[in-house]
Amino acid sequence: MGKDNAADSTSLLSKNVKIEGEIQGPENLHVEGYIKGSIKLSGDIFVCNTGIVEADVEAKNIVIQGEVTGNVLARQQLEIHPSGKLIGDCSAASIDIKEGAVFEGRSIMIKSSGSSAGSSASGNIPASAASKQHQQSTVR
Amino acid sequence: MLLFGKKKKESKSVRQQATSAQNETTYFGRNLQIKGRVSGNGNLVILGTLNGEFRLKGRLKIAQPAKIKGDVNADVISVKGSVHGSLTAHDLVHLDQTARIEGRINTPKLSIMEGAIFDGEINMGVQATKPEKATGSDTGLSSQDTASSAEKSTPS
Chain H
1 MGKDNAADST SLLSKNVKIE GEIQGPENLH VEGYIKGSIK LSGDIFVCNT
51 GIVEADVEAK NIVIQGEVTG NVLARQQLEI HPSGKLIGDC SAASIDIKEG
101 AVFEGRSIMI KSSGSSAGSS ASGNIPASAA SKQHQQSTVR
Chain E
1 MLLFGKKKKE SKSVRQQATS AQNETTYFGR NLQIKGRVSG NGNLVILGTL
51 NGEFRLKGRL KIAQPAKIKG DVNADVISVK GSVHGSLTAH DLVHLDQTAR
101 IEGRINTPKL SIMEGAIFDG EINMGVQATK PEKATGSDTG LSSQDTASSA
151 EKSTPS
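From first to last, the protein sequence lines are chains H and E.
Under my numbering, the letters of the first sequence match residues 1 to 140, in that order.
Under my numbering, the letters of the second sequence match residues 1 to 156, in that order.
The following block holds chain E by itself, in its conformation from the complex:
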């Protein structure tokens, strides 16, 4: 084979590569620091840090030590790490116990586990992909809904 480490690590990483080739899961380890934009199709697991943007068609797992600063865009997002920025999911956002979010969440479906920390806003009614247009057309019909869900704390 063409791998360097001539130890057990080798077989481990070979296996890892083989399995991920099937599922096409991208894996960013805990020591990897990325600055910039990550985009594409497929599933992705991140344990490291990202300063920038995710734009993914697929499932995104933000695992425990991961730290993300920037906007995150994916079909399904599950969070155990920390995110500073906005999360936009096409299908679902799940915040696990260790999740720590500061920012905005746009998603049609949401679940939050006890212990998760979330500072920010949630937007669920409107289509995540085109928020501005949708708000304009929706306000007439379901203004009550939007008002109650998104702007609880507005003093009048």
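Looking at chain H on its own, in the form it has when it is part of the complex:
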């Protein structure tokens, strides 16, 4: 899993810092502070205990210990810890929701090939494949 880590550097947003806007790039990101807007990373994102994210999030692996409000796309794995809270829909290749975690929304499973479900459906993937993805979807 950690083999082809696209991002070799990890950024940190500490507790008392706030970003309002768009964040993107091949980085890993730890969020202890607050983010509002959108996040698109090819690395991993950790929302730590104190972290609050009000944004659509796209990343390779997503770990939630804090609060996330928005739609989430994990190209590999989504992990919600007991202290974590996700309000919004998730798309992930694999999900791990721990006991005590809060998740309100729909869940759609994608293939871990790295193609994002929504954006690439109109492109290379034929319609039959796109509809297959919906058949796989699990609800809670």
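Think of the hints as simulated: they come from the structure by calculation, not from any bench.
Any given hint could be a false lead.
[To be verified] Now the in silico label distances, taken between C-beta atoms and shown as ranges:
| no. | chain 1 | residue 1 | chain 2 | residue 2 | range |
| --- | --- | --- | --- | --- | --- |
| 1 | E | E102 | H | S112 | 42 to 48 angstroms |
| 2 | H | D89 | E | K69 | 29 to 35 angstroms |
| 3 | H | R106 | E | L110 | 36 to 42 angstroms |
| 4 | E | K109 | H | K111 | 53 to 59 angstroms |
| 5 | E | K109 | H | P82 | 44 to 50 angstroms |
Since the model is a prediction, treat every value here as computed from it, not as a measurement.
The beta-carbon is built from N, C-alpha and C at its ideal position, and this holds for glycine as well.
Could you slot chain E onto chain H? The hints should help.
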């Protein structure tokens, strides 16, 4: 632990997190691109790009590959990267050799290393936080100072 990479990288980032938790230093890596507004308390190091605004209570380090377009506001600003916009420091601005600034600097204290590139204006006399009011009251007393420091090249 809850980290993904099961290699040496893991211990590195754990350490990084631990140390930064003490100092509360925010770190934006070189690949991170931010559009928007960054604000808050604490120290911050940026190596990536920011298109927008910084509003920080604390020290800001704009490291070597960093590129910033927009206004920067902090207590102490030290620059090694490039900034297109205005720098406003409450205490101090330091431009290192590799710094490249295009814009305006407002600060009570300034140091510039040999090799730094600076295209723009510097404003040192007036309080950085409220420039307009301060200019009005200051002009009567120290008009000579302001004239000599800020408007060297004005033809009369």
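Hint-by-hint comparison with the structure:
Restraint check, E/E102 to H/S112: a C-beta distance of roughly 44 angstroms satisfies the suggested window 42 to 48 angstroms. In this structure the supplied range 29 to 35 angstroms holds for H/D89 paired with E/K69, their Cβ-Cβ distance being about 34 angstroms. Restraint check, H/R106 to E/L110: a C-beta distance of roughly 55 angstroms breaks the suggested window 36 to 42 angstroms. At roughly 57 angstroms, the beta-carbon separation of E/K109 and H/K111 lies within the given 53 to 59 angstroms, and the hint holds.
Between E/K109 and H/P82 the C-beta distance comes to about 49 angstroms, which sits within the given range of 44 to 50 angstroms.
Figure legend: structure checked against the earlier numbered hints; the only hint not met is number 3.
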